[in-house]
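Chemist: Turn these sequences into a full structure, and let the hints steer you where they fit.
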Amino acid sequence: MSSAQDKNHAEALDVDEKGHSDHFEKHDTHIFSAVDETGTHKKIDPAEIKLVKKLDWIILPILWIMYWFNYLDRNAITVARLDGLEMELNLTSTEYQTCVSILFVGYILGQIPSNPLDMLMTRIRPSLYMSGAMALWAVVSTLTAICHDFKGLVLTRFFLGVTEAPFYPGALYVLSIFYTKKEIATRISILFTANICGTAFAGLIAIGVFEMSGVAGLAGWRWLFILQGIITFVISLASAFVLPDEPINTRWLTEEERVLAHKRIAADTVQIRTNMTTFAGLVDACKDP
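Our numbering numbers the first residue of the sequence shown as 9 and each following residue consecutively.
Check each hint, because a few of them may be wrong.
[Said to hold, decoys possible] Below, a list of computed lysine to aspartate or glutamate pairs in the EDC-like style, where the Cα atoms sit at most 16 Å apart:
no. : residue 1 : residue 2
1   : 58        : 219
2   : 61        : 265
3   : 61        : 191
4   : 62        : 276
5   : 189       : 276
6   : 159       : 103
7   : 190       : 56
8   : 58        : 191
9   : 62        : 265
10  : 159       : 96
11  : 190       : 64
12  : 271       : 254
13  : 271       : 53
14  : 62        : 263
[Stated by the list, open to error] Per label pair, the in silico range of CB-to-CB distance:
no. : residue 1 : residue 2 : range
15  : 220       : 274       : 48 to 56 Å
16  : 131       : 106       : 33 to 41 Å
17  : 57        : 201       : 22 to 30 Å
18  : 119       : 264       : 31 to 39 Å
19  : 101       : 245       : 18 to 26 Å
20  : 86        : 225       : 49 to 57 Å
21  : 196       : 90        : 31 to 39 Å
22  : 58        : 197       : 19 to 27 Å
Just so you know, the hints here were simulated from the structure itself, not pulled from any lab data.
Each residue gets a CB set at the ideal place from its N, CA and C atoms; glycine is no exception.
Modeler: Structure, rendered in structure tokens:
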């Protein structure tokens, strides 16, 4: 009799524990259970929708502004030519074109330590890595104002390319750790509008700055590099505080939002987890025939 009662009691406990387990599992994963026809994670939870909107209002604006100045600073040389840069530095047409093109040599070399996208990001905080790179390119861009010959200009252009290079892979990395596969394409498209606007507004901004020609004995094109460099540097300082590092430790998210941001990306990630480092993965990929 006692044995039968113990058996019934044990079965009741098993059912109760299973119920609690099922409830916990459903509570913890209900927002990640929905997928669309491609197998991509869908947002069905109001808290997640609110989180994504918050990410859009903080991450996208700072990345957009940084990318805008990235293009604004690199294109400054083309509009500076209109204010006499080429003539004042006694450049030939070939020398001027060399100064314009050399940036991309530095840009390619600067991409090497930043790719794959997270090779350095996994070792250095993204917020410091990207803001530091922006501060450096701001300084280099400003130094263009003190160039007096071809040698000085070609060197500053080369190092401008090196220092600007980390931004784009860094921006993609940040987007990839906060947005799902379905969300990221739209955000990258929005980011690319900064490229277009940077090119479009470079001339309009320059026209206003060129009016400062003669102030402190400096040509208008020199003021263009000085002012844009200073503003870029200020933005780099702000970006160090605004840019996130990882979903789980983002300072401007609540504890619940951090956990949600981390879990939704984990649910959207389908790659195999391994103990292989990023660099080892790169070497392995290069060896693969």
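Chemist: Hint by hint, note whether the structure agrees.
Modeler: Structure-based check of each hint:
1. A threshold of 16 Å between alpha carbons decides the hint, and for residue 58 with residue 219 the separation of about 46 Å lies outside it, so the pair is violated.
2. Between residue 61 and residue 265, the direct Cα distance comes to roughly 12 Å. Compliance with the 16 Å bound is thereby established for this hinted pair.
3. A C-alpha spacing of about 11 Å is found between residue 61 and residue 191, which places the hinted pair at or below 16 Å, so the restraint holds.
4. Distance hint between residue 62 and residue 276 is unfulfilled; the C-alpha atoms sit about 19 Å from each other, more than 16 Å.
5. With a C-alpha separation of about 7 Å, the suggested pairing of residue 189 with residue 276 holds against the 16 Å cut-off.
6. Our distance criterion of 16 Å between C-alpha atoms is met by residue 159 and residue 103, whose separation comes to about 10 Å.
7. Note on residue 190 and residue 56: the hinted pairing holds, with a Cα-Cα distance of about 14 Å set against a maximum of 16 Å.
8. The suggested pairing of residue 58 with residue 191 holds, with an alpha-carbon distance near 14 Å, which does not exceed 16 Å.
9. Between residue 62 and residue 265 the CA atoms are separated by roughly 10 Å; this keeps the pair inside 16 Å, and the hint holds.
10. Using a Cα cut-off of 16 Å, the hinted pair residue 159 and residue 96 holds, with the two alpha carbons roughly 14 Å apart.
11. Taking the CA atoms of residue 190 and residue 64, the gap is near 14 Å; set against the 16 Å cutoff, the hint holds.
12. Our distance criterion of 16 Å between C-alpha atoms is met by residue 271 and residue 254, whose separation comes to about 12 Å.
13. A distance of roughly 13 Å separates the Cα atoms of residue 271 and residue 53; the hinted pair therefore holds under the 16 Å criterion.
14. Of the supplied pair hints, the one linking residue 62 and residue 263 holds, its CA atoms being roughly 14 Å apart against a limit of 16 Å.
15. In this structure the supplied range 48 to 56 Å holds for residue 220 paired with residue 274, their Cβ-Cβ distance being about 52 Å.
16. Distance hint check for residue 131 and residue 106: the Cβ-Cβ separation is about 35 Å, which falls inside the suggested range of 33 to 41 Å.
17. At roughly 23 Å, the beta-carbon separation of residue 57 and residue 201 lies within the given 22 to 30 Å, and the hint holds.
18. In this structure the hint that residue 119 and residue 264 lie 31 to 39 Å apart at CB holds, the actual value being about 37 Å.
19. A hinted range of 18 to 26 Å for the beta carbons of residue 101 and residue 245 is inconsistent with their spacing of about 38 Å.
20. With their beta carbons about 24 Å apart, residue 86 and residue 225 fall outside the hinted range of 49 to 57 Å.
21. Distance hint check for residue 196 and residue 90: the Cβ-Cβ separation is about 32 Å, which falls inside the suggested range of 31 to 39 Å.
22. For the hinted restraint 19 to 27 Å between residue 58 and residue 197, the CB-CB distance of approximately 22 Å keeps it satisfied.
Hint violations for this structure: numbers 1, 4, 19 and 20, all remaining hints satisfied.
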